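Visitor: Sequences are here, hints too, so could you generate the full structure?
2 protein chains.
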Amino acid sequence: MSESSLLNQLVESLRRLPGIGPKSAQRMAFHLLERDRDAGRQLAQVMAAAMERIGRCERCRTLTEHVRCHLCASERRDPRLLCIVEQPSDIVAIEQATHYEGLYFVLGGRLSPLDGIGPEELGLDRLEARFKEPDLGEAILAISPTVEGLATAHYIADLARGSQLRLSRIAHGVPLGGELEFVDGSTLAHAFAGRQGL
Amino acid sequence: MSESSLLNQLVESLRRLPGIGPKSAQRMAFHLLERDRDAGRQLAQVMAAAMERIGRCERCRTLTEHVRCHLCASERRDPRLLCIVEQPSDIVAIEQATHYEGLYFVLGGRLSPLDGIGPEELGLDRLEARFKEPDLGEAILAISPTVEGLATAHYIADLARGSQLRLSRIAHGVPLGGELEFVDGSTLAHAFAGRQGL
Chain C
1 MSESSLLNQL VESLRRLPGI GPKSAQRMAF HLLERDRDAG RQLAQVMAAA
51 MERIGRCERC RTLTEHVRCH LCASERRDPR LLCIVEQPSD IVAIEQATHY
101 EGLYFVLGGR LSPLDGIGPE ELGLDRLEAR FKEPDLGEAI LAISPTVEGL
151 ATAHYIADLA RGSQLRLSRI AHGVPLGGEL EFVDGSTLAH AFAGRQGL
Chain D
1 MSESSLLNQL VESLRRLPGI GPKSAQRMAF HLLERDRDAG RQLAQVMAAA
51 MERIGRCERC RTLTEHVRCH LCASERRDPR LLCIVEQPSD IVAIEQATHY
101 EGLYFVLGGR LSPLDGIGPE ELGLDRLEAR FKEPDLGEAI LAISPTVEGL
151 ATAHYIADLA RGSQLRLSRI AHGVPLGGEL EFVDGSTLAH AFAGRQGL
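Just so you know, the sequences run in chain order C and D.
In case it helps, the UniProt record's numbering puts the first sequence at residues 1 to 198.
In case it helps, the UniProt record's numbering puts the second sequence at residues 1 to 198.
Derived from the structure by calculation, the hints contain no laboratory data.
Since this is a predicted model, take the numbers as computed values, not measurements.
Backbone N, C-alpha and C fix where the C-beta goes; we use that ideal spot for every residue, glycine too.
Treat the hints loosely; a few may be bogus.
Here are some chain D residues pointing at chain C (derived, C-beta under 7 Å) [to be verified]:
| hint | residue |
| --- | --- |
| 1 | Gln9 |
| 2 | Met47 |
| 3 | Ala48 |
| 4 | Ile54 |
| 5 | Arg77 |
| 6 | Leu81 |
Where chain D lies over chain C, by a calculated footprint (3+ residues, C-beta under 8 Å) [claimed, not checked]:
| hint | region |
| --- | --- |
| 7 | 19–27 |
| 8 | 31–43 |
| 9 | 86–100 |
| 10 | 145–158 |
On the chain D side, residues computed to face chain C include the following (Cβ under 10 Å) [claimed, not checked]:
| hint | residue |
| --- | --- |
| 11 | Gln26 |
| 12 | Leu33 |
| 13 | Glu34 |
| 14 | Asp36 |
| 15 | Arg37 |
| 16 | Asp38 |
| 17 | Leu43 |
| 18 | Ala44 |
| 19 | Ala49 |
| 20 | Met51 |
| 21 | Thr64 |
| 22 | Val67 |
| 23 | His70 |
| 24 | Pro88 |
| 25 | Val92 |
| 26 | Arg110 |
Guide: Written out as structure tokens, the structure reads:
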């Protein structure tokens with residue numbers, strides 16, 4: 001294939017998708033061109049619209065093409081509960097796995113001063129304002145238990161101090177179905193220290 | 001995620017790519033939206049152009065956005081050699097792995113009367129016309145050794161009969177690095193029958 005051909009450009013563009021190597025990108029390009037141009041046209045159209053129109057929910061900061069996402073706009077969600085997550089994808093995971101019926105707040109990352117990610121970048125001023133809303137009864141931290149995640153959780157706990165709010169975090173420990181010998185040491189130590197009465 | 005959201009549409013469109021399941025499609029969508037909108041915009045643009053403008057080379061039937069592909073248009077390729085393949089992707093594989101310097105002809109499939117794929121669908125009339133070109137010295141069949149592939153090869157051999165053309169096919173047998181015990185029976189039988197003197 002000559003370097004500048006449109007086919008090559010298509011393969012190169014597909015390679016920028018996460019987890020796609022040169023072979024897969026080539027297979028995708030040939031598949032679309034030879035067997036499913038409709039899928040290619042549709043993907044091009046939806047992709048262009050999505051990149052252009054999807055922004056952040058004004059209330060919870062998740063990805064949406066509306067001013068407010070469908071969860072914040074819903075009247076069936078419980079406004080007394082607020083779950084704080086790092087990424088929009090965490091919302092999908094929680095919605096699929098749990099029966100949580102409250103609202104969300106998306107940080108968009110973890111505090112990391114060295115990378116220039118401070119409280120402002122995570123919208124913590126807006127979160128603090130929400131902590132003061134009278135409706136809110138409990139805030140649940142669902143942040144990854146990494147060093148930066150724990151620092152972020154501490155910072156948020158400080159914001160909530162002095163309010164009537166109940167602050168909790170999801171449990172960390174040995175995953176269900178995980179065999180003890182394959183669990184990393186710090187998870188096991190954490191699970192041990194956090195043991196609960198039976 | 002509500003069913004009709006643009007984000008959902010993006011995930012669904014990405015799922016139509018070969019080998020992409022729901023989890024990967026979601027990961028791709030979030031990655032592009034949160035970290036690399038440029039890649040998304042570029043993919044949308046190149047994809048739309050490719051689906052619109054890429055057609056078939058008038059001479060060899062491979063995929064190209066030009067009237068003639070860069071191989072057929074090249075003066076450095078040997079016009080005495082013609083390699084007959086099933087798919088455009090086979091050309092990429094042969095170009096990468098071999099030092100073949102001749103031209104190609106893409107069938108676009110194998111003879112399969114039950115699926116409505118006859119000689120016309122494979123462009124065999126055009127191939128027959130090329131067999132009569134005085135320049136051509138050898139035609140090399142690089143078709144998969146399946147039942148339909150072998151039937152296609154036979155049909156093409158009939159087309160070449162009576163001409164001065166030398167017709168060959170690439171060797172079939174045990175793959176390099178393949179251990180005998182893991183090679184399927186018919187390949188092994190084929191390799192045995194086609195043994196060569198040392």
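Visitor: Which hints, by number, does the structure contradict?
Guide: Numbers 5, 6, 10, 22 and 26, in rising order.
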